[in-house]
Structures are given as structure tokens and as C-alpha cells.
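S.K.: Which chain is which? The protein sequence lines are A and B, in order. First residue of the first sequence? That's 16 in my numbering, and the numbers climb one at a time after it. First residue of the second sequence? That's 192 in my numbering, and the numbers climb one at a time after it.
A couple of the hints might just be wrong.
As the list claims (entries may be wrong) - Label-pair ranges, simulated between beta-carbon atoms:
#1 Ser278(B) with Asp41(A): 28 to 36 angstroms
#2 Pro272(B) with Lys70(A): 43 to 51 angstroms
#3 Ala114(A) with Lys269(B): 20 to 28 angstroms
#4 Phe79(A) with Ala193(B): 18 to 26 angstroms
Unchecked claim - Some but not every residue of chain B turned toward chain A, in silico, with C-beta under 8 angstroms:
#5 Gly233
#6 Leu236
#7 Tyr239
#8 Val280
It is worth saying that the hints were derived from the structure and are not from the lab. Virtual Cβ for every residue (Gly too), placed ideally from N, Cα, C.
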Amino acid sequence: AQTVTQSQPEMSVQEAETVTLSCTYDTSESDYYLFWYKQPPSRQMILVIRQEAYKQQNATENRFSVNFQKAAKSFSLKISDSQLGDAAMYFCAYHTGTASKLTFGTGTRLQVTL
Amino acid sequence: DAGVIQSPRHEVTEMGQEVTLRCKPISGHNSLFWYRQTMMRGLELLIYFNNNVPIDDSGMPEDRFSAKMPNASFSTLKIQPSEPRDSAVYFCASSRNRRDTQYFGPGTRLTVL
């Protein structure tokens, strides 16, 4: 079965500091796409970052970057210079090239403190 | 450009009633997805369409659930009859194609009493 594991139910970071959220996945496919989505209290699912499995270079989007370790099937999200608005649930997800269904992890709740 | 539009945003109904959730995907997107989010099961795919054709409905819980996509700009998810265990947030998402990023609507919070 294809699974996504987020082992940190909750994380906390001080404003302006850096935090890393962990994600591991399991798939036998070679063609797949990885995502981090953010869900604030408004419950809107917002794309944070996307990584194609065939790309060796780690994706970055402003303060957000990933550490993609394909052999280890690991896909962690680093948030630099954390801001109060980063407080939310973060979901790791992926889908394969043949099946578009997104498989989600259970989420990590991120708190940002002053 | 408008994002994915869902209506209603909130729905409260009584057990046994019919519920219809609506979705308008982003213009030009060929794939449309319905997901359900609950505390117990997290986010799970119910059904997805490609070019208005249902491709994978293996996540539809039972015959009480049905989904249609009569054209490229509109989809419905219907529950008849509704039950309290159907209470959840239902998301619609769309993407340009099967491999592209899925963009989510604001969700419909359904409460069945």
C-alpha cells in the first residue's frame, strides 16, 4: 500500500527561527510527485511547494525549501525566518504519474511563538 | 483568475435528507477531484474526473454517494440519504492535467444531525 508518514503531530518554532517538518513515503513507482500543503484555521488547503521525483534539485519557494532524499523516501520541509502567519497544519502528500489520487499524511500542526 | 469555487460553504441537514455539494473548477483545468476530510480518516479521495469522465471512484463510500460532471465547468457530489457519519469537510480540487498540481477549493463543511 502507498503511504505517507508524518511522525511529528505538533511542532513549535519561535518567530524568525527555522523549523523542519518531516515526511516519509512509501511507493514502488519511479514516477511520482511530492507536495506540501498548508491548512490554516480557515481550512483552505494551500499549496506550499511541489517536487518532481525525477528532479535531483530540491525545490524552493521563498522561505520554504525541501530536502528530498529519494533513496530514503524522505521529503522534509524547511521553513526559514518563521512568521506568525505560518502557523497551520502542514500536510505532506504525493501522487504517482499513473494515478492522480493524492495520498496524504496525517499532518503536523505548527505553532509559531513570539 | 478565480480559484476553485465550492458551494455551499456550510451545510447543516437532518439525517435522511438529500445533500448536494457543488464545484466549479479553475477554467482550463481538465481534472477534477472530490476529497473528504474527517478527524478519524484524514483526507481521502472520493472520486476523480478527467475530461468530465469518472476515472477512479473507488473511494466513494457506498451507493448513497454519487458524483457527476455534466460539463467542464461544473460538478456535483450528492449524498442521498445523508447520515450523521457523513459529517465532514468536502473539498473539490482541480488540475490542468493528471500530473499537474491540484488546487483546492475552500471546502464545504457538512453537518448531518
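S.K.: Hint by hint, note whether the structure agrees.
M.R.: Now the hints, each set against the structure:
1. Distance hint check for Ser278(B) and Asp41(A): the Cβ-Cβ separation is about 30 angstroms, which falls inside the suggested range of 28 to 36 angstroms.
2. Under the hint 43 to 51 angstroms, the C-beta atoms of Pro272(B) and Lys70(A), about 47 angstroms apart, fit the expected range.
3. At roughly 25 angstroms, the beta carbons of Ala114(A) and Lys269(B) sit within the given window of 20 to 28 angstroms.
4. Under the hint 18 to 26 angstroms, the C-beta atoms of Phe79(A) and Ala193(B), about 25 angstroms apart, fit the expected range.
5. The beta carbon of Gly233(B) comes within 6 angstroms of a beta carbon in chain A, closer than 8 angstroms, and the hint placing it at the interface holds.
6. Look at Leu236(B): its Cβ gets to within about 4 angstroms of chain A, closer than 8 angstroms, so that hint holds up.
7. Checking Tyr239(B) against chain A by beta carbon gives a least distance of about 6 angstroms; that is within 8 angstroms, so the hint holds.
8. Using the Cβ-Cβ criterion of 8 angstroms, the hint placing Val280(B) at the interface with chain A is satisfied: the shortest such distance is roughly 6 angstroms.
Checked against the numbered hints given earlier, this structure breaks none of them.
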